[in-house]
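So the sequences go chain by chain: X and Z.
Going by our numbering, the letters in the first sequence line up with residues 121 to 609, in that order.
Going by our numbering, the letters in the second sequence line up with residues 38 to 513, in that order.
Any given hint might turn out to be false.
[Said to hold, decoys possible] For each label pair, taking beta carbons as the anchor points, the in silico distance ranges come out as:
{"no.": "1", "chain 1": "Z", "residue 1": "Asp361", "chain 2": "X", "residue 2": "Arg353", "range": "56 to 62 Å"}
{"no.": "2", "chain 1": "Z", "residue 1": "Asp321", "chain 2": "X", "residue 2": "Lys464", "range": "37 to 43 Å"}
{"no.": "3", "chain 1": "Z", "residue 1": "Lys251", "chain 2": "X", "residue 2": "Arg353", "range": "39 to 45 Å"}
{"no.": "4", "chain 1": "X", "residue 1": "Leu477", "chain 2": "Z", "residue 2": "Ala291", "range": "45 to 51 Å"}
{"no.": "5", "chain 1": "Z", "residue 1": "Lys65", "chain 2": "X", "residue 2": "Leu543", "range": "51 to 57 Å"}
{"no.": "6", "chain 1": "X", "residue 1": "Thr503", "chain 2": "Z", "residue 2": "Pro332", "range": "17 to 23 Å"}
[As the list claims (entries may be wrong)] Here are the simulated DSS-like cross-link-like pairs (lysine-lysine), alpha carbons at most 25 Å apart as the crow flies:
{"no.": "7", "chain 1": "Z", "residue 1": "Lys166", "chain 2": "X", "residue 2": "Lys362"}
{"no.": "8", "chain 1": "Z", "residue 1": "Lys166", "chain 2": "X", "residue 2": "Lys464"}
{"no.": "9", "chain 1": "Z", "residue 1": "Lys166", "chain 2": "X", "residue 2": "Lys465"}
{"no.": "10", "chain 1": "X", "residue 1": "Lys464", "chain 2": "Z", "residue 2": "Lys116"}
{"no.": "11", "chain 1": "Z", "residue 1": "Lys166", "chain 2": "X", "residue 2": "Lys500"}
If you are wondering where the hints come from, they were derived from the structure by calculation, not from laboratory data.
Every residue, glycine too, gets a C-beta built ideally from N, C-alpha and C.
Spelled out, the chains give:
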Amino acid sequence: MELYKLTVHEAADLINKREVTSQQIVQSTLQQINEVDKDVKAFITLADERALEESRQLDASVADEEGLSVLAGIPFGVEDNICTEGVRTTCASKMLENFVPPYSATVVSRIAQQKGILMGKLNTDEFSMGLTTESSYFHETRNPWDLNRIAGGASAGAAAAVAADEVFYALATDTGGSLRRAAAFCGVVGLKPTYGMVSRYGVISSGSSMDQVGPVAKDVKDCAIVFQAIAGRDMADPMTAKAMTSNYVQALADDVNGLRIGLLRECFDQGVDKDVKDAVLNAVKSLEGLGAHVEEVSLPSIEHAPAAYCVILSAEASSNLGRYDGIKYGYRVERCQDLDELYKKTRTQGFGDEVKLRVMLGTYALSAGNYERYYLQALKIRTIIKNEFEKAFEKFDIIVLPTCPTTALRFGDKVDNALAIFLADKYTAPASIAGLPAITVPCGFDTKGLPIGMQFIGKAFDESTLFRAAFTFEQNTDYHIKRPAIDWR
Amino acid sequence: MKYEVVIGLEVHAELSTQSKAFCGCSTKFGAVPNTQCCPVCIGMPGVLPVINKKALEYTIKAGLALNCRIARYTKMDRKNYFYPDLPRACQISQYDVPVCQNGYLDIVVNGQTRRIGINRIHLEEDAGKLLHDQYADSTLVDLNRSGVPLIEIVTEPDLRSAEEAKVFLETLRSILRYIDVSDCKMEEGSLRCDVNISVRPEGQKEFGVRTEMKNLNSFRAVYRAIEYEANRQISILEEGGTVLRETRRWDDSAGKSFSMRAKEHAQDYRYFPEPDLPPIEIDDEWVEEIRKQIPELPAQKQRRYVEEFGLPEYDAGILTSSRDLADYFERCVKLYENPKTISNWLMGDFLRLVNEKNIEISDVPVTPENLVKLFKLIDSKVISGPIAKTVFEEMFDTGKDPEAIVEEKGLKQITDRDELVKVIKKVLAENPKSVEDYKNGKKKALGFLVGQTMKATKGKANPQLVNEILLEELEK
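Chain X with its partners taken away, still in its complex shape:
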């Protein structure tokens, strides 16, 4: 049996029945990584020895009758902007090339408590800023469906690793669409939780008011299982909500009867590939056939979401990245004449272009005189968009739209399509700046055979409804079962 191909819930079942061991699963997964990662390049750091040791210990310590957590013994990967104690965490930057954190992010600790097996750290854009991993200091991650194409960005390593069966699931971050976009491009499931639902402690800050960690998984059930494990209040992150989390796995139901779905008009007009539009509309039609009510909804202000997102992200990031100054840890240029030179050279050499661009933009947006013109204005747009969503949610349970207007682009297309990529934020940034939960599920393929993602946006803290809609769609289709035809092997 090709164990690495299983889902979390399938593998957990076998482990619990003692039909396979964690070691067997880890070994099988490592083999797959060896096989494919030289092409996919999802990993920055592989923790293979540690993973084998952990699985060995787990197998040895488990008594025959002991019930295990569903995540126990199952390999997962972590985007490299999430701290893992004792395992190098680089943020795909020269600045942190050798940084080994003495602590784990809360999300990682929570999985560790359930005895999940960390396989390693997954590629991302430098400080998660980018859409292609071309800004990674290490290498580009390639789309398992077509190695000449991007796997998204910044969370490309996470999505590609899951799509290529190199890990069973991954933890990744989503600030403006990173996780969702990559998941859509790679044909897997990805959830960006409500802001405040998942702890950000130990997650290297980019846009603090939007950063969230979510699961990238092979199917909706796995996604709910992982979300269940990481969600909930954390005293180390004051922005986590006091609200109790429900049991998301038990609540998965193949039932959308009466579910009110709003079809987001602004995201089906010009700019969307025909294949993408058709696939999503078809998917919505099938949900309608299963009993959902579908109606068009308009959120006119979301056309401003990319601009507002850009300003807020850059402003927050410019401040968050100030700490990389060569003084305490990370890259430092030696033999400088004075402090100013140390700062300037360290930051000039330690950061790549994309990061510098954001830092400059953000510094500009926060500077005296510009604060009101840009930052404050962006916050106002955020409020307007939030209000529009709130109003829409009086009438609808979820809002549906494509996750991206296109399928995965080729490497190098970036320059020509810079504006198109900026506009892609129109599809993912609205949920980010409004702090709302959004899930992407595979809903078809374009004529080139590349996966298409459908996105549901839900009410704040109502991940349950997102899961229900996504699960129902999945139960009645088979897009999620399709894996890249890995003939390039």
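Using the hints, position chain Z against chain X.
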């Protein structure tokens, strides 16, 4: 032309919370460098601040004690700048919505009460410390202080002289200590002060151009720096020049200030709301709870001591200058009916020894019960006043009961008339010259003879009785 000096202060007081403002590290002063820090206060990647509610409580408490309006909704902001002692390259502070606003503090200068406006008090975190002296070619960073909570108290430009500024600071310090929010030790840096100062011709409404003075490490330095800066500005104006808006550094040993940077080079701190901390709501109930914790403040206490105990204004002022001393006094007053005697002892030998031994009042081993016992020994003439001083010094050293000391050392007063007559006769016989002098009208000689008698009895003779007997004997 006569000039008026206009002064506003920015006072930073470190809050005496057990743990730092945004993490659980200790705030204790003087630890080995970098032993009181964690990923949060050294700004490691991905860590997040969590506000210490106590720090907020102390800020509110200071605001209430300084008659401020307490915001019901406030937030923390980020102040961005690069410096090696600031590990995140941004300080968590407050920009446009401070916790406290619009307060005042009454000070008494030369018998006149002056009301000094408090513009705002806000909460922020302290930075670390740079150590330049260890190695010639490098600077070390100590982050023990990084993240220690601070309040910044900004006054209105209401102060008019160095003396007023000094009294303001003394009064402020006393209040902050009374309400137990800061230990205000300038030498440990837990109280720091920047001075904004300008001068204008008397009668002119508009303020002159101000300068900001930094590096003031004692109240004396504040006083001297203001005097110096006022004179410097006045000389410039009198010579027809203009004062530059700038930040200056006070060099206390040189007794001079030096220009640090012109205001046009002022940094843009790019303040924005701290995205890692939720906005703060302060409800009435909490404010009232904190208000209840505020003890009687020094000015009120001083007034009460004058009215209730009939003490002179001066005594009351000294006794209430520190809460510990006032508490000590009040414990004594409950046990002993003569407040003035207590006051005299406390202001005299008690404070003298506290200062000499450089200890805290709370560490004085003499209990109020024992001090009162000492008074009662004097009142019942068991010991004399001079002996009492010796006993007190021993009590101060050992914390022993005065009765035990008197017993042990045989210090009881000699009140036996016959015994004293014998001693005095001997003294007179040994000092014929003084007796002669006295009889010739040199009344001063009596004092000498009293002294000799006291010496002969090792100070134990009852002085009144000695006087009486001496006079009788000399008249014979």
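Checked hints:
Checked against the hint of 56 to 62 Å, the pair Asp361 (chain Z) and Arg353 (chain X) fails, with Cβ atoms roughly 42 Å apart. A beta carbon spacing of about 50 Å between Asp321 (chain Z) and Lys464 (chain X) contradicts the range 37 to 43 Å that was offered as a hint. For the hinted restraint 39 to 45 Å between Lys251 (chain Z) and Arg353 (chain X), the CB-CB distance of approximately 43 Å keeps it satisfied. Checked against the given bound of 45 to 51 Å, the beta carbons of Leu477 (chain X) and Ala291 (chain Z), roughly 48 Å apart, stay inside it.
In this structure the hint that Lys65 (chain Z) and Leu543 (chain X) lie 51 to 57 Å apart at CB holds, the actual value being about 55 Å. Checking the proposed 17 to 23 Å range against Thr503 (chain X) and Pro332 (chain Z) shows it is violated: the Cβ atoms sit about 44 Å from each other. With a C-alpha separation of about 37 Å, the suggested pairing of Lys166 (chain Z) with Lys362 (chain X) is violated against the 25 Å cut-off. This hinted pair checks out: Lys166 (chain Z) and Lys464 (chain X) have alpha carbons roughly 22 Å apart, not beyond 25 Å.
Of the supplied pair hints, the one linking Lys166 (chain Z) and Lys465 (chain X) holds, its CA atoms being roughly 24 Å apart against a limit of 25 Å. Under the criterion of a C-alpha separation no larger than 25 Å, the hint pairing Lys464 (chain X) with Lys116 (chain Z) is consistent with the structure, at around 20 Å. This hinted pair does not check out: Lys166 (chain Z) and Lys500 (chain X) have alpha carbons roughly 39 Å apart, beyond 25 Å.
Consistency note: the structure conflicts with the earlier hints numbered 1, 2, 6, 7 and 11.
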